[in-house]
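Hey, can you work out the whole structure from these sequences and the hints?
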Amino acid sequence: MLEIKSVAAGNALNWYKCGWKVFSADMVNWVLMTLIFFVIVIVLGFIPLLGVIGVYLLLPMLQAGMIRSAGKAAQGEAIDINDLFAVFKMKDRRNALLALGGIMLATVIAVMVLSLPFIGGGVLSSMSETPVGGMSVLPVIGAGGLLFAVTAGLLMAMMFFHAPTLIILRDMGPVDAIKTSFAGAWMNLLPFVIFMLVYAGLAVVASIPFGLGFLVLLPVVMAGSYCSYKDIFV
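The sequence shown begins at 1 in this note's numbering and counts up by one.
It is worth saying that the hints were derived from the structure and are not from the lab. You may find that some hints are simply not true.
To be verified - The list that follows gives simulated cross-link-like pairs (lysine-lysine, DSSO-like), each with its CA atoms no further than 30 angstroms apart:
{"no.": "1", "residue 1": "K230", "residue 2": "K5"}
{"no.": "2", "residue 1": "K17", "residue 2": "K5"}
{"no.": "3", "residue 1": "K230", "residue 2": "K21"}
{"no.": "4", "residue 1": "K5", "residue 2": "K21"}
{"no.": "5", "residue 1": "K179", "residue 2": "K91"}
{"no.": "6", "residue 1": "K230", "residue 2": "K89"}
{"no.": "7", "residue 1": "K230", "residue 2": "K179"}
{"no.": "8", "residue 1": "K179", "residue 2": "K17"}
{"no.": "9", "residue 1": "K230", "residue 2": "K72"}
{"no.": "10", "residue 1": "K179", "residue 2": "K72"}
{"no.": "11", "residue 1": "K21", "residue 2": "K72"}
{"no.": "12", "residue 1": "K72", "residue 2": "K5"}
{"no.": "13", "residue 1": "K21", "residue 2": "K89"}
{"no.": "14", "residue 1": "K89", "residue 2": "K179"}
Now the structure itself:
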């Protein structure tokens, strides 16, 4: 039976250290996987509406592929770019991850609708954005809108952060994975928030050189999320 352990706030930094260690063991394959990841997301992003839907449906599967690769690398096994798509051949897990993507999309739409009283029509323009670049649109909002955005973003992160990992490594259904991910984040709220704040700061730095820094940051964060999973769920 899966148990959730509470860890110290400082463990958030250890997750990054662990993620970097996993990444640095095979930088070439990690960068190649990340490049393919971004190419898929960007190409789909050019397709109006259907492309965005496709991104949300595929995103958990691509994340799961990277998480699975992180698990292999952490155990000293070799990885290659084919690992990114290994999940596509696992029927039950693939279907669960597709369902997770659908739930994620529905959640984003619900948040957008609920945010309309705070930021008006400005939020609608963000519907053309992909999940990777969705934060590039920042409508002018008041204090209430900012509080809503931060709260909604944190809750969504808690719901979906470990969900792909729990599906691919624990064979959970999408709803159980979301519940367990949220419970794990709730019981480790401080290290979780620190992890996210550090990511936000690093994302700003990574975006400066034409976004090339994300070729390093994304795999480190994916590997770090695997490390946090191993730390929290026993």
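Problem set entry | Hints the structure fails to honour | none
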